[in-house]
Structure formats: C-alpha cells, structure tokens
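S.K.: If you want the building blocks of each chain, they are given just below.
Protein chains: 2
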Amino acid sequence: MRIILPEIKELLGTKQQRIIRRVLSYFEPADIAEVWSDFTPEERLKLFNILDVKLAADIFEFLEEDQMIELLENLPARRKIAVLNEMSPDDRTDLFAALPAGEVEKIIPLLDLDEQNRARELLAYKANTAGGLMTTDYITVPETANIADALRELRTKGRDIDFIQNIYVVDKVHRLQGIIPLKNLLTATPRQRVERVMDGHFPSVGLEMDQEDVAHMFGKYDVISLPVLDKLGRIRGIITVDDVIDVIKEEASEDIYRFSASGVVDEYLSENPLIIARKRGMWLLVLALAGFVSGAVLEHYSFLLSSIVTLSFFIPILMNTSGSAGTQAATVVIRSLAIKRIRIDDIWKVVKKEFVVGILVGLVSGAVTALRAIILNQNPTLALTVMAAMAMTIVLATVLGGVLPLFFARVGLDPALMSGPLITTILDTATLIIYFNVAIFFYGVFE
Amino acid sequence: MRIILPEIKELLGTKQQRIIRRVLSYFEPADIAEVWSDFTPEERLKLFNILDVKLAADIFEFLEEDQMIELLENLPARRKIAVLNEMSPDDRTDLFAALPAGEVEKIIPLLDLDEQNRARELLAYKANTAGGLMTTDYITVPETANIADALRELRTKGRDIDFIQNIYVVDKVHRLQGIIPLKNLLTATPRQRVERVMDGHFPSVGLEMDQEDVAHMFGKYDVISLPVLDKLGRIRGIITVDDVIDVIKEEASEDIYRFSASGVVDEYLSENPLIIARKRGMWLLVLALAGFVSGAVLEHYSFLLSSIVTLSFFIPILMNTSGSAGTQAATVVIRSLAIKRIRIDDIWKVVKKEFVVGILVGLVSGAVTALRAIILNQNPTLALTVMAAMAMTIVLATVLGGVLPLFFARVGLDPALMSGPLITTILDTATLIIYFNVAIFFYGVFE
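Protein chains in written order, with the working numbering: chain V, 424 to 870; chain Z, 424 to 870.
None of these hints come from the bench; they were simulated from the model. One or more hints might be untrue.
Any copy will do: because identical chains look the same in the list, a pair fits if it lies in one copy or spans two.
Stated by the list, open to error - DSSO-like, lysine-lysine: derived pairs with alpha carbons at most 30 Å apart: (1) 549 - 672; (2) 672 - 432; (3) 580 - 772; (4) 549 - 772; (5) 643 - 763; (6) 643 - 654; (7) 775 - 549; (8) 503 - 595; (9) 503 - 775; (10) 469 - 702; (11) 438 - 672; (12) 702 - 595; (13) 763 - 549; (14) 643 - 469; (15) 763 - 702; (16) 672 - 775; (17) 763 - 775; (18) 702 - 477.
Keep in mind it's a predicted model, so treat the numbers as computed, not measured.
All chains, full assembly: derive it from the sequences and hints.
M.R.: Written as structure tokens, this is what we have:
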C-alpha cells in the first residue's frame, strides 16, 4: 500500500474520484488504515468523503482512536451518521467509550432507532466484562421455526453482519435453547424443525464475566464465538474470537508491565513523558524509600565494613544474583498462574521445586564467586563467607520468589504486583543481613 | 464436571456403558478432558473405549500431550486408528511431532490413504511456520463451478470438518482466485457462477511465514481464518484463529521468560528441577562473572570507601533504582516492539522520551535519597553527591534501557535477550563508577 501513496496523494489533488475509488478497492481496509497517518488531515478528510460508505466504515473501524475522533469532528453530519450506523456495534461502543459523555449523548440520537437502542445497551456494560466485549450482531430464530425460516432470516439480516458462524435458537422469552452452525443449516432439509438440528449443549459466558476469564473460555473450548447470556439464560450478545485476541495481548502486556513496575503504557510514542515518569517514578520512590532500610543495615554493620573492606567488593554481586534468582522464580510462577498451568493450592510443590533449584543454582554461583575471592584476594575465609552467603541468599530468593506471588493470589491480590523491583528490594535487605552474619561467623571462627 | 466424577468412576466399575455414554453426552469434550487426570490409568482406558468414536476423538484433541501418548500406547489398534483418522489434521501433526520419528512411521501407514498423504505433507513443515500451523480441512471449488455445485461440495465434504467459514475458489492449477463466505453462499442464487459471488481480494499468508507474523496478520486484518499459499499462489491449507491464540500466548510467555532470563518453561510443575536450574543458572553464572567487574570497580575505589564509610550506605539504593529504571524502560520498549507499536527506526524518539523521563524520575528519586543523607547523616556534601549520582545514573539507565533493545533488533537479535538481568549488570558497574567520581568531585570541592 505504502508504495502507491504518492500516486494516491496526486490523484487526490485532481477531481479523479472514480479512479481513486477503483484503485483503493484493490486494497484491504486494514492496509488503507495502516497508512492513514501518512496523509495530511485535508487529504484524509477528502479521501474519506470520496469513498463508498461501506468501505469508509470498514476502514474507519481499523483506525486508531484519535484518528477516528479527528474524522468525527470534521466529517459532514450526513456522512458521520452513515458511518456510525454502518459500524459494528461493539467497535462503536469502544469508540463512544473514548469520547466525552456529553459528546456521545449528542451523537446517539442521530443514529437509526434500533442502532440507538443497541448503542445505549452496550454502553451500560463495563468495558472489561463479557457485556463490554460482545456485539449485538447475531441472528436468532424461535424454537418453533423450521430450517426454511432460519434460512430466510439469514438472508434478510445476514447482509449487514460481517461475521456469522451460528444461528441461535431461542424460546418465547429469548432464552438460548441451542445453536446451529451455518454448515449444518446447509446440510439440513428445509422442512426440518430447528429444534431437531440444533446442538443443545454449548458453552456460554455470563454478562458480567471478566474479560480475562472470557479469553480463557475461548482457549479451553477452542471456539470461534461464544454466546453471552444474562442471569435468566437469555441471549444478550455474542463475543467473537478476534476481540478476544486483543484481550489476550492486553492482558499479557499488563502482566509484563506490572511485573517490571513500569506502569501500563498503551501508546508509548504518543504518551506524555510526564505521565510515563509519574507511573514509573512512583515505584522508584518506593524503592528509594526502601533503600533507607538497606542503608540502615549497612550502617549497622559498618564496623565490619571498615575493618574488612574486601567484604564490600562482594555486595553488588550478591545483591544482583539473589535479586535475579528471585525475579526468575517469581516470573515463572506468575506466568504459570496467569495461563492456568499452576493453581494456588500448588504452593507446596512450588516450595519444594524452588528449594531444590535454589540449592543447585546457589552452590554453583557461590563456587564461582568464591573462586574470585581465592584468586584475586587470596583469602579462604572470605571465599567461604561469600560461598555460604550466596547459596543461602539464592535459596531464600527462589523460594520467596515462588511463594510470594501465590500468597498474593491467595489473599486476592494480583500476583503480578509481586513485581521484580519489589522482590529485589525485599531480597536486598535480607541478602545484606545474611551476608554480614555469615561473615561474623566465619571470621570469628577462622581469624 | 468435577462434582459428578465419583458417580462416573462408580459407573465405570459396573457394566452400565449406555448410562456412562448418556451422562457424558451432556458435557463438552473440553470439560471431560479437563478432569482426565483425575481418573486412574485403567479408568481412562476403559472410559475411552466405551465412548462413541467421534466424542472420543473430540476429547482426545483436548488432552495434554503425555495423556494422548499414554492412550496411544494402550488402546487397541482399531480404536487407535479410528481416533487418529477422526482427528483434525493440524492437531494430529502436533501430536506426531511429539512422538519419536520411528513411532510415527509405524502409525502413518495405518491411517486412511488420504489422511496418510495429509499427515506426511503437514509433517514436512516447520512447527513454528504457517505450514506447521495450518490444517488441510477446507473446501475448494473450481472457478467454473456455480453456487449449486459449491453447496453440493459443502454437503459432501462439510460433515467431517469442524469449522467452515469460507469456500475457496481455485483455478485449474489450484491457485486461489477468491473466497466465498458461507453466508454469501446462502444468499446467492444456485445458478450463479462462483466467480461472480467470490471476493477476489483477500489477505493470505505464505507457507514459510513465521508464526509470530501469522499471528500479527490475524490481528491486523481482524479475520477468523487465513488461507496459506505456496510460492505459486496455490492454496495448501488454512489457519484458523484458535491455533493463533495459542501462538500469541506462547510468544508472550517466551518474551516474559526471556526478559527475566528464567528460561522458557512450558510445564513448570512437571519439569525436572535440574533442567530448570540449568536454564536459570546459566544466567546467574553470567551475572556472577560480571560481578568480578563490579567487584574490581569497588576494589579500585576502596580508598574512598575506607575513608568515607557513609558512601557505602548508598550503594544498594543507587544500584537498585538505576537497575529498576533501566528494566522499566527496556520492558516498555521490548513489548512495544513485539506488538508493533514502535519500529526500529523510532530510535531517536525513544532516546528523547527516555531522556526526559529519566531526568524527571532521577531528580525526584535523587531528592528523596538526598533527604536521607541530610536527616540521618547530617551531611550536605553526601546529599549533593547522592542526588547528582542518582539523577545521572537514572538518565543513563532509562536511555540505555530504551536504546539497547532497539539496537539488538537492528542487528537481528531478539530484543528480549536484552533482559532485565543483563541491563542490571551493565548498569551496576556504570552506577558505581559514576557514583565514586561524583563523590571525588564534590568531596574535593567542599571538604
């Protein structure tokens, strides 16, 4: 798409609207949306007005939020309404959620009457629940209908719906009774009643289910769409898997950001540095305050440091390895929890595993560091001290790193809050205390 | 499902096979697979043999790999072959890939002839490419066909295919010419030629495309399935979005593990601690070796530490904040790269942003730490030293954390290799050097 941009920009300067429409019809809406920011605001407006309404609405749904809002502010009223009517209800709801409430209240009354109702209903659900993810673009037939009726319904309503995989069979009060995959509709005979063809066992989600659980349901049942039911079992919408992909990516990003305590940043390049700094800085401040404690520990043992200066050479290496060992363990446990590979009850299995891993890793790392004390400092007591301290701190690190996220989960907190910086801070102080006491012990015995 | 387990186990002890079949028909295959490990090996085998082949094959696809292999080893030959023939070709390929090659060569000849060809073809592709993800369960019609022909094809072949969204229109040499969504098939008239109904513009992926890029295509075009074409444009398979969800989760896990240098662990609970220890320990060893450098720096400046012991109190806090600030920046940049929110070329934008963020965060954290030096140590020179050193190290940390992943990506390495421990190690040494030189400067001026 990018390579023919100059030509399109040139055509936009002329009156050759037909040609522009022809050229663009060869591209996917997503490809056109991808280069949208390469046009000037005037070109964007002009281009959007030239295009056929259906294609314009398709492109619109692939734009970034700020690009959508720019268009909404500048489009002639008729085209604006046409595009909003064409949009799929769930994407429209996301857009409305990004606009100021007053703005939305001005726009909704301009929509077609049934789109108005849909828009208001969907806006009422929280964005991160099944209700907030679902679309109202789906087709129902009463259980008394036959296949011919269902096909007729599909022909009438199906035109405006982008994605149809199933027909939903409901009773008189709109409770979901069964599901008919489109392909089964094709292989059934027209006079069969839908009841006989439908699948009466199907997974579904509740209106208020959290989006992360919804995503898990898709993974578990390997489905392309799920019906959303209210508490009475009535169908209120469907969720399609493409919206779930966004959820999975979002949740993974959130976990990653939370774990490195970097604050959740959606649009890094366009985000204000002040806001980024505030999110990250909060954490660094906590660390800086926690540093008062590690500083106090060092102060408390300063008699040791001033008499045996060589001890201080190993402080960074000890803090670093224990912090990293703790972060490694915490990462694996937090991620395994998130993708449901372990459960909170597995805490003892985790303790045992991390204990063994900690001893193995601790002894090897300790031996390497002890080697340094022997080669460079020619000091066996120091070597012994460093080796013992490192093994002990690494075992503590792996066990704490494994257990704390589970403990957080058990008391109802997000395990990812047990972030890298937090565990590093806890371990720093513990590492110093262990190190100095091991030193006091060995130096007391041998020197 | 779990609540009726005792009853099912009891029924398995009797000869009531009909009842077991009836009871289980009320559950989703995924739900039955979820409790599979709660049965004893004998119960599992018995249960699997009782069930109708179709349901058995459905459950089989939801089992863990080791559970599948257990069944394969113990099932009577006839049932084993029936289940393998029923399986969807892409899931079967994943299973074969997990078996020893000799084993697979024994199994394949037992399959139906066309399943044999499919199995061999799919096994030839690398698991992490489009070819490795795709299934050969799809329906094609020649471009000369009409709608009635397409419907007939669908009725014949559609029964055995779980998921059908589109019909693929091909020319004489099997090159993909267009796609017809099922719902359009329903709304067309039987005598129309498929050429007139099909959509001739469609996104597709190449056989060798990396799975991460495939996942990105699904996100970009918001589609449920994508055709896989060879270099000549012939359709070789289709990829459905459910397989892509697994890829997205896998890739996110890999990024997370790589970034915390914990090694990729798929099955934490069942993995051998020795293997976990080796993966994690490699990194800690690198850190321990890198610690020789930070130790040498401390040794070099030990004259300073022994004359001004208070300086050492601030080493942990400085190392911690700079390491964390660097990790925060690296995390955001690595994730933004992975989800294509920034490009390698954005390096200067990243530098500018991280520079501003670093100054803001550095000054505030520095001020807090300086406060400690004034309150607890009553030492303005120390306060000045700490404040200046912290501001400088944090700016260095954020800029390096932002730039290094982009640099890694530019030279063709995985940016996530620029992991937290690695950046922490680089920053540790830099932090110490900056700190001591700032101290020499201020103490030289003021004391």
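S.K.: Which hints from the list above does the structure break, by number from lowest to highest?
M.R.: Violated hints (numbers, rising): 2, 3, 4, 7, 8, 9, 10, 11, 12 and 18; every other hint is consistent with the structure.
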